[in-house]
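*Asks:* Can you build the whole structure from these sequences, using the hints too?
Chains R and P are the protein sequences, given in the same order.
Residues in the first sequence are numbered consecutively from 15, following the working numbering.
Residues in the second sequence are numbered consecutively from 12, following the working numbering.
None of these hints come from the bench; they were simulated from the model.
Using N, Cα and C, we set each Cβ at its ideal position, and we do this for glycine too.
So, partial list: chain R residues that the calculated Cβ filter (under 7 Å) puts toward chain P: (1) 58; (2) 158; (3) 182; (4) 186; (5) 197; (6) 199.
Over 10 Å on every C-beta distance to chain P, these chain R residues come out as not near it, computed from the model: (7) 79; (8) 82; (9) 110; (10) 134.
Among chain R residues calculated to face chain P with C-beta under 8 Å, some are: (11) 60; (12) 61; (13) 68; (14) 157; (15) 161; (16) 189; (17) 190; (18) 194; (19) 198; (20) 200; (21) 202.
One letter stands for each residue in the lines below.
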Amino acid sequence: MTDPHRASPFLLAAATALAAAACADVEEPSKTAHSDEKTSVAHAQTVKPGAAVSITHRLRSEVAPGESGVLTLDIEERYDGGLLSLSATSKSGLEIFPTSASAEIDMSIGDTHQWDVFFTAPSAGVYRIDVLVVAEASDGMKAPRSYAANVTVGSGAAAKAAQKGAAQSIDADGEAIVVLPAEETIED
Amino acid sequence: MLNDQFRKLLVGAAALLFSAACSDGGGSNPSPSSPAPTNAPATVVISGAITYDRVPPTIASGLNFSAVQQRAARGVVVEALDSSGAVIDSTVTNASGQYSLSTPSQTQVRIQARAQLLQSGSSSWNVTVRDNTNNNAVYVLRGTLESSGAANSTRNLNAGLGWTGASYGATRAAAPFAALDSIYTAMTNLVALSSVSGLTYPTLQVFWSPQNIAVQGNISDGEISSTSYTRISGVPTILIQGSENNDTDEFDQHVIVHEFGHYLEDQLSRLDSIGGPHSLSDRLDARLAFSEGFATAFAVLILSDQIYIDTFGPLQGQSFSFNVETVNTANRGWFNESSVFRLMYDIFDSSNEGADTVTFGAGPILDTMLSPSFTGDVAPGTIFLYLSELLSQPGANVAGINAIAANELINGSNSYGDGETNDGGLAISLPPVKTVTVGGGSTVVCSFDDLGDFNKLGNRQLIRLTVPASANYTLTMTRASGPASRDPDFLIFQASQLVAIAGSASVDIEQLTTFLAAGVYWIDAYDFGNIDDSTPSGDVCYDFSVN
Chain R
15 MTDPHRASPF LLAAATALAA AACADVEEPS KTAHSDEKTS VAHAQTVKPG
65 AAVSITHRLR SEVAPGESGV LTLDIEERYD GGLLSLSATS KSGLEIFPTS
115 ASAEIDMSIG DTHQWDVFFT APSAGVYRID VLVVAEASDG MKAPRSYAAN
165 VTVGSGAAAK AAQKGAAQSI DADGEAIVVL PAEETIED
Chain P
12 MLNDQFRKLL VGAAALLFSA ACSDGGGSNP SPSSPAPTNA PATVVISGAI
62 TYDRVPPTIA SGLNFSAVQQ RAARGVVVEA LDSSGAVIDS TVTNASGQYS
112 LSTPSQTQVR IQARAQLLQS GSSSWNVTVR DNTNNNAVYV LRGTLESSGA
162 ANSTRNLNAG LGWTGASYGA TRAAAPFAAL DSIYTAMTNL VALSSVSGLT
212 YPTLQVFWSP QNIAVQGNIS DGEISSTSYT RISGVPTILI QGSENNDTDE
262 FDQHVIVHEF GHYLEDQLSR LDSIGGPHSL SDRLDARLAF SEGFATAFAV
312 LILSDQIYID TFGPLQGQSF SFNVETVNTA NRGWFNESSV FRLMYDIFDS
362 SNEGADTVTF GAGPILDTML SPSFTGDVAP GTIFLYLSEL LSQPGANVAG
412 INAIAANELI NGSNSYGDGE TNDGGLAISL PPVKTVTVGG GSTVVCSFDD
462 LGDFNKLGNR QLIRLTVPAS ANYTLTMTRA SGPASRDPDF LIFQASQLVA
512 IAGSASVDIE QLTTFLAAGV YWIDAYDFGN IDDSTPSGDV CYDFSVN
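*Replies:* Shown next, in the form of structure tokens:
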């Protein structure tokens, strides 16, 4: 049922916390976890408040350039009712079919939902589909949860199409910097 | 980095000394290309202000791009660079964003503001905003290379918004400085509001990029999961979303200060939270509920603004907002973050209504978080521990604070919440912290998935353990009821420190023999399927024993 080699974010956090605890003022505790534990290296990550919604995604099948693909979003919400508004966009050359770029789901009908996003891309690569989910509870309160999914079109060898940041420079001390142009006024 | 800055200051001073030493006694220091008048001084002062564009958020309609304000970039590092990029002089802007630098006269100089807050002294900090999609390069706002002239002059630099009417069509220079200024507000206001003198803030890095979006993945590709706080390679890090038309947070002060609140917990107090997604009405793990509620209360106290706003959406035109005092959410209790921030705000504020008859101010609320008795207490970090510490603060109105807690349906006593009667609709959640006794038989602990997974109420059970004498002990967690072939795990903590992990993949049993010094511990026990997305969840109970 469990894969001992699979990483768990929480155990990752725990393992790191344990490492940190090596410096703590604790008298001789065991700091050795089981050898087959599900370990990793990340610290616990807080998340900003948002909608009571959990999202995962899957690609229905492999997609070739020029073909249409389907990204299925599995959405689990924890509301008694209200409306869930979903929208999908892409900035990286992937086209989302307009009819599937947005949807609304009645949250009074069950608490797990599926949403299919149809798309196509002219060339192979890894593209990102940005998703914005807004849950409007029965009392009218809105809360968002943003999400994104990477989809591969064509050969897996295609380079990832992640957008890169602004041009990077090195300053006189060898430190990497991103130069932002100032709006400057000079007065003698 | 701190040393780098001091080194640059020294380099600047040395350059000035060299400049003075090489002057002809008449004060001139001509550049090769532009001979100075004989009456020019050796050095001149370039002064001015560093500002950035801030877009105010609205309660319902996102950012208001028609009301952009130019704000002082406070406490940021400003440098004068020569034509080779070497630092001639360096300083930090004052609370009005003003700076003053000395440079050789008649020399090609540019002014540069780093997205960095730097202060030494009784309260100290070093905060830098970096581009995580660009090798963690630091953002710098750079002016033009111009002659310093023969007399003092003024150069004002503004970090522009980059908004071109319907999109960010130009460089978003303001963003790193807006984020930085929210953190400056948090640090300086915490120093002012708390009675703790001399706060030393450990180095903090802030990752912001226009590519940053809420997907879990590679941070160097902008996949930061959420605007959040964590440690990356041990370095405290706030990550901020910046993806246009989806969710940008650089101007959402409450969001940034909320995450700074988690940094405060982690670095200056205690952070027992397990993190992960949450909402205002969720029934959560008690540690998460406390941490998130505190972070929101911290934001509104620090910003003196009780309306939390998080903008998002196409054209940054929507808002998630709520008034921390009046927001009415479901599921009040010790497991709900809204109950925690409402409770803290009612204890703080001077507006008394209903069950709220208390005006305690921000000081005691913040002092409690920073007090060694809170950070070092042997109980887990929940609202119960916090309240027990707050009630011991000088001048605490015990009856009044208890009445506010009762209004939030929080009625447990002591730092463990003993006697609590609000189970949040999940009977296994009580008591909030169970007890296991060495050699005293087993205690039943359950892990349910009824309210969600990973960090929701019922996924985990907290257990207190008093170790009477230093020795080796065997802790055993065995499935007692529910579906078979499960994977129980547990973690052992002393105060806020993790001291042992029992996280094997053994089926239906987890056992750990370990040395434990005499003292009080708490244990986080759970079914792995209920905290892991890719493993089937379920409702399982276990017998937990220590021998």
